[in-house]
Amino acid sequence: MTDQDIAQLRGDHPRDGDQWQRVASAINQGFSKKLDGQLHPAATRFSLEDAADPREFAYRYEYYKATYDELARSLREEGLGRQRAAQEAAQRMPTVDVADRLEADHAVVEQLRGGEPTHVDMDLPPDGLEQAVRAQAGNIEMGHETATAYHARKHYNEILDDERSGNIVNDYLNSAELTIRDGEVAELSLLDNGAKRLTITRPVLDDTGSHINNKRGELAYMRAIIIIRQDGSLVMPTYGRTYMGE
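In case it helps, my numbering puts the sequence shown at residues 1 to 246.
Among the hints, erroneous ones may be present.
[To be verified] Below, in silico cross-link-like pairs of lysine-lysine (DSS-like), each with a Cα-Cα straight-line distance of 30 Å or less:
id: 1; residue 1: Lys33; residue 2: Lys215
id: 2; residue 1: Lys196; residue 2: Lys34
id: 3; residue 1: Lys215; residue 2: Lys154
id: 4; residue 1: Lys33; residue 2: Lys196
id: 5; residue 1: Lys34; residue 2: Lys154
id: 6; residue 1: Lys196; residue 2: Lys154
Hints listed in this document are in silico derivations from the structure and should not be mistaken for laboratory results.
Owing to the predicted nature of the structure, the values given are computational and were not obtained by experimental measurement.
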């Protein structure tokens, strides 16, 4: 980014504030060194378009990266080796209308999570709080429509096979809803700022009903993290697959 781009995007946000830290995190998790020179400038240009603040820039950057990863993954599934698929995906990215894809994803997010805002009574006991969150499982949003879109594309291949129909945002949010509604509470904790964090997990099973595990023997779970803000509103900052010991 040029100094002018940075100044325009920064606004009143300090360079050492959480919004700029979010930008740094997105860029640091970006592309491989061999392809960064080819992909980072295009990702930056896309991210600067319509970004109201540094946090939205980060969301758009991660959306571009998730789109690239999705393309590379599809090429691997067609039989290309990992390195060749990465190179071919980088060459094809200029032909992908990322803005059009994002606009379409925004429309799905608005349709599925654009209703009444979620809210719970912070004074409820743990069991009551849990049930109040579960009752609103289909309405809990992720804080920003672009954040929802990039999370859906980034984590889509992590949701269960029978939950994937090809409608990426729809399937992802439906999977999250199922986990929040029917999963098990793994943790309910109080954060330093007075908010509460509720973690709900659901086991990932294979076709025989056995719990899937990784090479270290850790068991696979779908995990939804819900933040209950001090005002009682709900947000799900992330949802995806994780592995945990027994």
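Is Lys196 within 30 Å of Lys154, Cα to Cα?
26 Å, holds
So if I understand the rule, the pair passes when the alpha-carbon distance is 30 Å or less; does Lys196 with Lys34 pass?
42 Å, violated
Checking one constraint from the list: CA of Lys33 to CA of Lys215, max 30 Å. Satisfied?
Holds: Lys33 and Lys215 sit about 28 Å apart, inside 30 Å.
For the pair supplied as a hint, Lys33 and Lys196, confirm whether the alpha-carbon distance does not exceed 30 Å.
Roughly 39 Å between the alpha carbons, so the hint for Lys33 and Lys196 is violated.
Check the hint pairing Lys34 with Lys154 against an upper bound of 30 Å on the C-alpha distance.
Status holds; Cα separation ~21 Å.
Are the Cα atoms of Lys215 and Lys154 separated by 30 Å or less?
22 Å, holds
In the structure shown, a violation is registered for the earlier hints numbered 2 and 4, in ascending order.
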